[in-house]
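Engineer: Assemble the whole structure, with the sequences as input and the hints as a guide.
Number of protein chains: 2
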Amino acid sequence: MGGDVGPRVTVPAALQALASNPALKLLLVGQPDAIQPLLAQQSAELTSRVEIIPAQSVIANDAKPSAAIRQSKGTSMRTALELVKTGQAQACVSAGNTGALMGLAKLMLKSIEGIERPALMTILPNQQKGQTVVLDLGANVICSSEMLVQFAVMGSVVAEEVAKIASPRVALLNIGEEESKGLDNIREAAAILKETAAINYIGYVEGNELLTGKTDVFVCDGFSGNVTLKTMEGVIRVILSLLKSSEEKQTKPSWLMKLAKKWLKKRLMKRFEELNPDQYNGATLLGLNGIVIKSHGAANEGAFKAAIERAVQAVDRQVPDRIAARLNIVLPRSDQ
Amino acid sequence: MGGDVGPRVTVPAALQALASNPALKLLLVGQPDAIQPLLAQQSAELTSRVEIIPAQSVIANDAKPSAAIRQSKGTSMRTALELVKTGQAQACVSAGNTGALMGLAKLMLKSIEGIERPALMTILPNQQKGQTVVLDLGANVICSSEMLVQFAVMGSVVAEEVAKIASPRVALLNIGEEESKGLDNIREAAAILKETAAINYIGYVEGNELLTGKTDVFVCDGFSGNVTLKTMEGVIRVILSLLKSSEEKQTKPSWLMKLAKKWLKKRLMKRFEELNPDQYNGATLLGLNGIVIKSHGAANEGAFKAAIERAVQAVDRQVPDRIAARLNIVLPRSDQ
Chain B
1 MGGDVGPRVT VPAALQALAS NPALKLLLVG QPDAIQPLLA QQSAELTSRV
51 EIIPAQSVIA NDAKPSAAIR QSKGTSMRTA LELVKTGQAQ ACVSAGNTGA
101 LMGLAKLMLK SIEGIERPAL MTILPNQQKG QTVVLDLGAN VICSSEMLVQ
151 FAVMGSVVAE EVAKIASPRV ALLNIGEEES KGLDNIREAA AILKETAAIN
201 YIGYVEGNEL LTGKTDVFVC DGFSGNVTLK TMEGVIRVIL SLLKSSEEKQ
251 TKPSWLMKLA KKWLKKRLMK RFEELNPDQY NGATLLGLNG IVIKSHGAAN
301 EGAFKAAIER AVQAVDRQVP DRIAARLNIV LPRSDQ
Chain V
1 MGGDVGPRVT VPAALQALAS NPALKLLLVG QPDAIQPLLA QQSAELTSRV
51 EIIPAQSVIA NDAKPSAAIR QSKGTSMRTA LELVKTGQAQ ACVSAGNTGA
101 LMGLAKLMLK SIEGIERPAL MTILPNQQKG QTVVLDLGAN VICSSEMLVQ
151 FAVMGSVVAE EVAKIASPRV ALLNIGEEES KGLDNIREAA AILKETAAIN
201 YIGYVEGNEL LTGKTDVFVC DGFSGNVTLK TMEGVIRVIL SLLKSSEEKQ
251 TKPSWLMKLA KKWLKKRLMK RFEELNPDQY NGATLLGLNG IVIKSHGAAN
301 EGAFKAAIER AVQAVDRQVP DRIAARLNIV LPRSDQ
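Heads up: the protein sequence lines correspond to chains B and V, in order.
For the first sequence, counting from 1, position 67 maps to 67 in the working numbering; every step adds exactly one.
For the second sequence, counting from 1, position 313 maps to 313 in the working numbering; every step adds exactly one.
Source of the hints: derived by calculation from the structure; they are not laboratory data.
Watch out, some of these pointers could steer you wrong.
Copies of one chain are not kept apart here, so a pair can be met inside one copy or by any two copies together.
[Claimed, not checked] Lysine-lysine pairs mimicking DSS-like chemistry, simulated, CA-CA at most 25 Å apart:
#, residue 1, residue 2
1, K25, K64
2, K25, K85
3, K64, K129
4, K64, K194
5, K106, K181
Only a predicted model underlies this, so the values are computations on that prediction, with no experimental measurement involved.
Structural biologist: Dropping the structure here:
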């Protein structure tokens, strides 16, 4: 149990997730001395669905991924992934070192056949009150056209199976809508997707369409995907802080005005909260033979609970199996 | 006079700019028949500072830049750039085809010595009530490390001369703050900037820092820069539209509540408007021997006026000369 805070956040979050889902069982991988006290005074019903799996070390958040992976034996992250590999767990949720998690997960669980490299994916709410599947968010800074096509296939499956969108629209992030725009890999991926009947490819989108719902699947390389997601988060945080400061500055409002403002602020915050990084936490590492969810390192209890729920959803919808099945239909197998 | 609408927006915007700046003179380049009627019934004082320069054709917004440039003779865009080249005008402002403008401007005005390729730059307001210089916004989808360093130099000059920031902090956009993150060109640029005493280089920033004021100069390749700016615009538009819809839905509010909401919305809108694409319009094509400002194609009168004011500011601050002078100090000359 890593992350910026460790068990003091992840254990209470786990208990919350157990309380709201009676069918859930959780294996808590980490140092028993740190976990055990946090389970004290909980109901027997909850603790009966928890098992502590001892692991004596944790991969540091600032460790270099390559070195961390070489020295990963006995760490909580590796132990958790081993549980998925051996079928003792159906999913792994981690708030730890992102690079180490991606590398170790790929090493231990292997990519689905037909997927060169896994991608980080999230599902964002959009302006149409729907959902948009966005990937890659930073697993791969350089992407070939083939990888972008694989992301499009994986995103389509998630949009159908998790977001329940029939024939989801797929678009590639670019810096203009004209065919001649952008980088070679994007134009080549566009050419392939246009010829792929099983994908509902609609063309290019620009960054301003991230939240508008113009597309159901928003495909990009990991660098641009990280930039667009982080920019979105930053702009929302700035606006939320403007809302707060605009209230603090007000001097001597009448009590009625104060009440009215409080009520309105609550309404506005509720709308913004949908897009608040604390709420939609949990990026899925997509394309592996197993389910791995990456939580923000700085996730609070509610956010880490959201990441656990993402994992449950992926298990319920059998996302890896469905991706493998779709790849068999959509993409030519390299060994045939 | 191109753009999505043409003279019907740009001429009234020009008249507004003239009215608010008694020292300004404007050459309106385009079809006299389209411009002349829009100047009727204006005061002699205003029209005495306007001259119509006839140009019989306009480059279409959707024209392919390479073809448009080949066939640019006699177009309003080329004529306007010729006026800058010959010194008859001190700056060119265009709402026309971005690719054609960049290509033609480079062809006719040439890059400043030491600049491989010009970059699109804008100045955004930030959370600290300061300003952030952001470049490249899309002129160069692929950038070498040298180009990123040149952008850093140009951005520093603009931050000092236009935004009046002493020793401006310069950062490179990346997907993490650790030195090992990102793409080769970014890491190489970081290594050069660290050794460049004349630049106050502070390291990497992520997309979420675009508006926080953590850096004064935000340097990125044109693809990522376009993605981060467009994402910002999109998120702000979505939030503004949420604010509007949250008001419409409210049924039967008391008159006091209605008043409070109106007041708060006005306050909020004022804060957001600072970041509204209609307000900060006008990207500068930086690195040329001349001043060229690109307005949004869809700019309204106020926004196009803002672009004209950007041009005036760049003229006042002698931006190209100062960039050339700084390059002589900072960067080794290739011919020495």
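Engineer: If a hint holds in the structure, say so; if it doesn't, say that too.
Structural biologist: Against the structure, the hints come out as follows:
| no. | hint | result |
| --- | --- | --- |
| 1 | K25 <-> K64 | neither (32 Å within a copy, 59 Å between copies) |
| 2 | K25 <-> K85 | within (17 Å within a copy, 73 Å between copies) |
| 3 | K64 <-> K129 | neither (40 Å within a copy, 36 Å between copies) |
| 4 | K64 <-> K194 | between (39 Å within a copy, 22 Å between copies) |
| 5 | K106 <-> K181 | between (33 Å within a copy, 19 Å between copies) |
The structure fails to meet hints 1 and 3 from the earlier list, while all remaining hints are met.
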